[in-house]
Amino acid sequence: MLTVENTTTWLVTFTDKITQQTAYLSELDQAIGDGDHGSNMARGTTAMKAKLENTAFTSVSELFKVAAMTLISTVGGASGPLYGSAFLAMSKQAEASTEDVPAIIKAGLEGIQKRGKAERGEKTMVDVWAAALDALDTNTLTHHTIEEAVHETKHIQATKGRAAYLADRSVGHLDPGAVSTGYLFEAMLEGDIIQ
Amino acid sequence: MKKIMNQPKDVLNDMLEGFCYTHEDLVSRINDTGVICRKFVDQGKVALVSGGGSGHEPSHAGYVGQGMLSAAVCGEVFTSPTPDQILEAIKQADQGAGVLLIVKNYTGDIMNFEMAQELAEMEGISVEHIVVNDDISLEPRQKSDRRGVAGTVFVHKILGAAAENGATLSQLKNMGNDIVTHMATLGVSLLPATVPEVGKPGFDLAEDELEFGIGIHGEPGYRREQLKPSKGIAQELVSQLKSELQWEKGEHIAVLVNGLGATPLMEQFIFMNDVQSMLQEEALVVDYKKVGNYMTAIDMAGVSLTILRLADADWKTYLQHPVQTPAPF
Ligand SMILES: Nc1ncnc2c1ncn2[C@@H]1O[C@H](COP(=O)(O)OP(=O)(O)OP(=O)(O)O)[C@@H](O)[C@H]1O
Ligand SMILES: [Mg+2]
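Order-wise, the sequence lines are chains A and B.
Quick note: the first sequence uses the numbering used here, first residue 1, plus one each step.
Quick note: the second sequence uses the numbering used here, first residue 1, plus one each step.
Derived from the structure by calculation, the hints contain no laboratory data.
Heads up, some of the hints might be wrong.
Said to hold, decoys possible - Cross-link-like lysine-lysine pairs, in silico, DSBU-like; alpha carbons within 30 Å at most:
| id | chain 1 | residue 1 | chain 2 | residue 2 |
| --- | --- | --- | --- | --- |
| 1 | A | LYS117 | A | LYS154 |
| 2 | A | LYS117 | B | LYS143 |
| 3 | A | LYS65 | B | LYS91 |
Claimed, not checked - Label pairs and their in silico Cβ distance ranges:
| id | chain 1 | residue 1 | chain 2 | residue 2 | range |
| --- | --- | --- | --- | --- | --- |
| 4 | A | ALA96 | B | GLU225 | 54 to 62 Å |
| 5 | B | GLY124 | A | GLU147 | 41 to 49 Å |
| 6 | B | GLU123 | A | SER97 | 29 to 37 Å |
| 7 | A | GLU62 | B | GLU118 | 19 to 27 Å |
| 8 | B | ASP84 | A | GLU62 | 12 to 20 Å |
| 9 | B | LYS39 | A | ARG169 | 40 to 48 Å |
| 10 | B | ASN174 | A | LYS92 | 35 to 43 Å |
| 11 | A | MET1 | B | GLY124 | 33 to 41 Å |
| 12 | A | THR142 | B | ASN174 | 49 to 57 Å |
| 13 | B | VAL41 | A | GLU62 | 34 to 42 Å |
| 14 | B | SER243 | A | ILE194 | 51 to 59 Å |
| 15 | A | ARG169 | B | LEU227 | 19 to 27 Å |
| 16 | A | ILE194 | B | GLU121 | 32 to 40 Å |
| 17 | A | GLU190 | B | PRO8 | 30 to 38 Å |
A quick note: this is a predicted structure, and the numbers were derived from the prediction, not measured.
C-beta: ideal position from N, C-alpha, C; glycine also.
I would like the entire structure built from these sequences, with the hints used as guidance.
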């Protein structure tokens, strides 16, 4: 179940992971994109963290909405509207229920797919969102399953986003958005969200 | 990295401040945003708004002014601007006849501009967008993935004049789409660009190598070769553009030789000279021609060549229409 407290902790932990790995994320993006994923995400999550820590939320839905709007207005690039759309959809779902965590993640994934039109297997963040959702549904979300899903993107040829420009040369590299999404789910594991 | 700057993260802000100070008679900045608006007001006319990541100066803010864009939204270096800022630009630009967004074909730009369009429509503003994808580099192979590059400035110029002339939103949208299908661009890079926040060149290219088809953010091209004389480069670019555009003898065209940032005008004119002799061999009639830095890639060395088939006689008139913008056109 999500509460204002554990959701705040979750997203703050996510921010800290992004901040620690900013250079690494940009390095990954430099290999198959334009090298800005780390700075985009660091700029956005830092702004989000500041907002979360300075606002008294009365609901998880409201919290996700503020997180979404902050990311949308600060990240830029492709990942801004994607994470933003995810959190907006999660905000809507959290309005209905905060008990069913998989349903909230499912809504997030649908938000991303509506915006970016990527299917699973196109070497994007969708791959990790989808794998995490599968794992949540079967109660098997662990650091290992997350790492596996992230690692899987290495073998895929990109057909969406900037990495698609590289065609078969994108194979052999991790997708930066998949890696940042990995941090999101690791941060979730580290909170007391799922038992 | 050797750049005239302060903190890498302040590059966008510091540049926009200097830009607006220099051109304060023509443009102003919406506080705390990357939105540059023209001071000239054209009531009842459709407003054009463009933008994208920064690093392509003078695009796009340099083309804000009478006869061209109403506003430009400047994102971080090589990063799409955010929907809230694009929305601000739309709201500021709208003069009651609607707003046309001119977007270059990149995933980030498309998603951010589409989100802004949805937000503006919720506020009751009529908004349409067109996507420019003039880069015919053989990678990517799928036409829908083709990037928007220097030809975008021809779209700004033609549609800007048409808008001033009173064209409606749907007319401008159709005209924009029509221009895009008659236009192609191809670039060549000699040296990579360095994004300030990254601090090192975006790719490696040997001292004696060039690469055809590299994008304006350093997206990979389609072929690396030994450095060759300007004539040889012109030959490759013109023949690729020819196979794409399938022009006929006697056709009227517009030509743009665009410097990518670190290539001096001297080399750009040398290149234009070789291009013109090839176009002459093709028996094309060049009605409009430009050489210079229009859509750069920070400090990338190289040029791009854009050819627009003047399928509609108005396009030539509109291209020649005088404008008042920070960057000359
Ligand atoms: N259509 C899409 N659907 C889902 N995810 C996508 C899509 N396109 C890109 N991505 C994700 O976005 C990540 C890249 O985000 P980043 O912040 O680097 O934006 P960008 O593509 O560089 O944008 P810009 O071109 O504006 O700089 C990729 O690693 C990928 O996971
Ligand atoms: Mg990127």
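Exercise. State the violated hints by number, sorted upward, taking the hints as numbered earlier in the document.
Key: none
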